[in-house]
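**Q** If you want the building blocks of each chain, they are given just below.
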Amino acid sequence: MDTLLQDVRYALRQFRTHPAFTAAAVLTLALGIGANTAIFSVVDGVLLRPAPFKEMDRLAVVWETDRNSGTTHEPASVPDFSDFQRRSVRFERLAAFSATEVNLTPERGDPFRLAAVVITHEFLPLVGMRPLVGRTFTEQEDRPNGPAVALISEALWERLYSRDAGVVGRTIQINDVPRTIVGVLPSASDFGILQILKAADYERGFADRGGPGRVDVWAPLRPIYASNPRTNHPIIVVGRLAGGASVGQAQQEMAGIATDLERAYHDNDGRGVHVEPLAQVIFGPVRPALLVLLGAVALVLLIACANVANLLLVRGTARTREVTVRAALGAGLGRLARQFLVEGALLSLAGTVFGTVLATWGLELLLALAPADIPRVAAVGIDARVLAVTALVAVVVALAFGALPTLQARKAGSGRGVAIIGEHRRLRSALVVAELSLAVMLMAGAGLLIKSLWRLQLVDPGFAAAGVLKAEYQLPQSRYPRDFSRWPVWPEMQRFNDDLQRRVAALPRVEGIAIAASHPLDAGFTSSISVVGREAEAGGWPEPSIRLTSANYFEVLRVPVLAGRSFSTSDDAKAPPVIAINQSARQRFFQDREPLGQHITLWGADRTVVAVVGDERIFGLAKETPPAVYLPLAQVPSASGSHSLLVRVDGDPGMFAGSLRSVVREMDPALPLFDVEPLVRTLSNSVAQRRFTMLVLGAFAAVALLLAVVGVHSVLSYTVAQRTREIGVRMALGADARGVRALVVREGVALAAGGVALGGLGALAISRLLTTLLYGVSARDPLTFAGVALLLGVVGIIASYLPARRAAKVDPMVALRTE
Amino acid sequence: MNSAGPFISIHNIERSFAEGNGRHYVLRGISLDVAQGEFVTIMGPSGAGKSTLLALLGMLDAEWTGEYRLLEHDVHKLKPKDRVPLGKKYVGFVFQQYHLIDDLTVAENLAMPLSYRDVKASERDALVADTLDRFGMVAKKNLYPRQLSGGQQQLVGVARAVIHRPALLLADEPTGNLHSDQGKEIMELFRELNAAGTTIVQVTHSEDNAKYGNRIIHLRDGWIVN
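Protein chains in written order, with the numbering used here: chain A, 1 to 819; chain B, 1001 to 1226.
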């Protein structure tokens, strides 16, 4: 024990007397360990932790498919769900949900907008969630005209009721309707909802906006079969597999049921079923990116370790005399090894402490940048479990760093001094080449992602987002009745929209205003159509996206009208029904035919095609535009009451939000205006996950490059120091400064070339992993690889420059001095 | 070459280093003429300034004061970087510890000074072959320095120093690391080179080696004490 303390004291003294070495080693380790801890905490929190749902591996989503449109992730119709529930035996239980948003009017203060989910009463028992207080829904509450009840989230319980256990039985005003609170659900209850909605490409609501994924209100679904035909697909079906049943068996069974339904009902033409494990739906989209990041950060740690190993080798060479003296004084290899282990452990400990601090900061930054659709990202943090993994990494690092100088000492003791210096030089060069090759792999990955994002930014979204402010609102049924017997004449809603447009248009700096049921990046919903006279063909047509817009939508969004005319204010409920189609719809449904003047049948009316407009990328920049049809809001009002207000202003649209809110407050103080943001931000959010992966991988590549530069620099500095006499001799024999500089730089470039060659091969080998993250660029893009090679070459020269300059300043008189 | 004046003429040369608040003088008031074709020996105890004087004559050191004339060139009037080409043209060096480059073969070591003088590759190869032949080292041309004895290494050192046919050969303890037979061999070689017209300035502690020269200059504490 006494000698161990002595070792610790000696190690600390060593570090104190070599502050540059100590700082370099600790900082390098801190960077490597910190980055690993931060990313591991995300991967652990998102992917590795057990799911909050009971026996997650037995849960699956039952999607409907459509052979006509090729969709494989479509929600189900209510009657289909009922048939699935009745006939399936492979599923122990089936439940359904649908997401929506609601206006909540608190007892005090302004109304606000919340994400809500309506569920069948089987849903919560099926996933195994129990309320913190109260109970879940009963079967009676899940029937049409059942009692108005709600469950609230733990967060809302805290916010509105300060976790008062007496909340059960109180009423809450949702969409102007008082509901009785029957219970409070723990915060993990909304696990995966956002990801399931994202997977169902066309689901409207908070999922599409990339907003906070938290669900605050649950209400019974109460399926009304009469008003939900098989052509409507509003609900997502989740099932728990029966004991012993596999996903494959369930798929087979459900496919059989779907075939029967297709035979029985014309509305189910082309319909099938796709049973997908819930874990795949939730984690599938983020798993590749997170695993790439985990791999990348492991490379950063390897680079950091290679750098520290290099530093230790330098120190080891400088300590050869010390080791020899110690050995001569009787220190055995074991005793020396312990000394080095203590030094390695102390370095590793210091690196881990600083690394954890760096990880805490880095994680904050990471979470601020992270897109909301990463599952349970809000719960990510550095906890005991993450710290335990970090400590394990630290122990491995400490052992490795203790072993290295021990091996060195063993060789020094073997009397092979000169040969060892040569070996060290080769080992150090090999380590640097390895570092550089790892940096090349990271840089190639980052380069490909940067190019992907750049390609995406170049994609024409089909509308001009700059200068447009977007604000959303949903007119509640209570004050803006939607009486389907009078459809499409809903005067209250029409009046509000007309009044809002008029008032906003009168504000200064407003250049144009439009209202749409879905903004240009909201995929909205689809419905089947046919063309009068070609009804037989329509059976095989995909459902186009339905876009409901006010008269001047195309002008405000600058969507080009390629043929025909825009909608006008005279296209109202009294005028003949009209319709516009996008370019994709023209290509899909009309090919060589002239679409203008043709009649499209949709929702019981024949509508005259009056325009062909450009394609808006409604599924986001990375996805092709599907066929879409546009209808005037005055002829087809929004059945859900949801609207997007789009205002083109002269100047910064962000500054206009306040004026807009004032107008809405004056018109309806109880109506919340939500997601008020410049449309360019909405556009930018649509690539948030790609940007996040790119930024993080880019940061790692930058750190890797920095560490590699330090590595090259340290190897060359060491080499120059070792070769001082040789350089002096060369100068005495006529070498000039330029020649000496070239000698050193050549060595740096040779290291870089080795790194580029090896790293290039490595990057090619792992490029497959990146394929799913790329857009418009091949995983083996030669330009990116060439760019990385060039950058590494330049970096090699820069890293060599200082040692080269030092070499050129060697005094040739060293050649004349005797040792 | 101008044979009217001395080959080397230095006058009142001083060389010092900063030391604490003052300066430490290594050479003081050195004045010396060396005629073309002379073989001069510099002797003195350690620290007398012998190697410093040699470095100064070979243009390896520029931090001195005084006057230095090499043939028609007033070295003291040249900027330090303009002195380097003079050194390249006129001077060859032989070191006590040979200073062959470990990773280069004998032939490559010989070629090195030529490459620093931008001699064309074909001419370089011819000169190396000629020198290997002249020094009887053809059989060893592909060996590395560590495969040679001390005497053989110094032979390569001398060959390397004269391969570009310098008019002045500066030798710093050329036999200091050799045993007497090998030392004698090297000194005989010097005598031959001198007889062929090369001016030689050597630093040595050996009275025997000093006898190979025409003249001995004694240095002590930076002063000439003859």
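Hints in this document: simulated from the structure, not taken from any laboratory. Predicted model only: the values in this text are computed from it and were never measured. Hints may contain errors.
Claimed, not checked - Pairs of lysine-lysine residues, derived as DSS-like cross-links and limited to a Cα-Cα distance of at most 30 angstroms, are as follows: (1) B:K1089 <-> B:K1079; (2) B:K1120 <-> B:K1081; (3) A:K809 <-> B:K1089; (4) B:K1081 <-> A:K809; (5) A:K809 <-> B:K1140; (6) A:K809 <-> A:K198; (7) B:K1211 <-> B:K1184; (8) A:K809 <-> B:K1184; (9) A:K809 <-> B:K1120; (10) B:K1079 <-> A:K809; (11) B:K1140 <-> B:K1089; (12) B:K1184 <-> B:K1140; (13) B:K1089 <-> B:K1120.
As the list claims (entries may be wrong) - Cβ-Cβ distance ranges computed for the label pairs, FRET-style: (14) B:E1207 <-> A:I798: 51 to 59 angstroms; (15) A:D736 <-> B:E1063: 14 to 22 angstroms; (16) B:E1063 <-> A:P782: 27 to 35 angstroms; (17) A:D811 <-> B:R1215: 48 to 56 angstroms.
C-beta atoms are modelled at their ideal positions from N, C-alpha and C, and glycine is treated no differently.
**Q** Would you mind marking each hint as holding or not holding in the structure?
**A** Each hint tested on the structure:
1. B:K1089 <-> B:K1079: 16 angstroms, holds
2. B:K1120 <-> B:K1081: Cα-Cα ~24 angstroms, so holds.
3. A:K809 <-> B:K1089: Distance ~22 angstroms between K809 (chain A) and K1089 (chain B) Cα, so the pair holds.
4. B:K1081 <-> A:K809: Within the cut-off at roughly 13 angstroms; holds.
5. A:K809 <-> B:K1140: 34 angstroms, violated
6. A:K809 <-> A:K198: Cα-Cα ~63 angstroms, so violated.
7. B:K1211 <-> B:K1184: Holds, at about 12 angstroms.
8. A:K809 <-> B:K1184: Distance of about 36 angstroms is beyond 30 angstroms: violated.
9. A:K809 <-> B:K1120: The given pair, whose Cα atoms are some 27 angstroms apart, holds under the 30 angstroms limit.
10. B:K1079 <-> A:K809: 17 angstroms, holds
11. B:K1140 <-> B:K1089: 28 angstroms, holds
12. B:K1184 <-> B:K1140: Holds, at roughly 21 angstroms.
13. B:K1089 <-> B:K1120: 16 angstroms, holds
14. B:E1207 <-> A:I798: 51 to 59 angstroms: 55 angstroms, holds
15. A:D736 <-> B:E1063: 14 to 22 angstroms: Since the Cβ atoms of D736 (chain A) and E1063 (chain B) sit about 18 angstroms apart, the hinted range of 14 to 22 angstroms holds.
16. B:E1063 <-> A:P782: 27 to 35 angstroms: Distance hint for E1063 (chain B), P782 (chain A) is violated at roughly 54 angstroms.
17. A:D811 <-> B:R1215: 48 to 56 angstroms: This hint is violated: roughly 29 angstroms between Cβ atoms.
Checked against the numbered hints above, the structure breaks hints 5, 6, 8, 16 and 17 and satisfies the rest.
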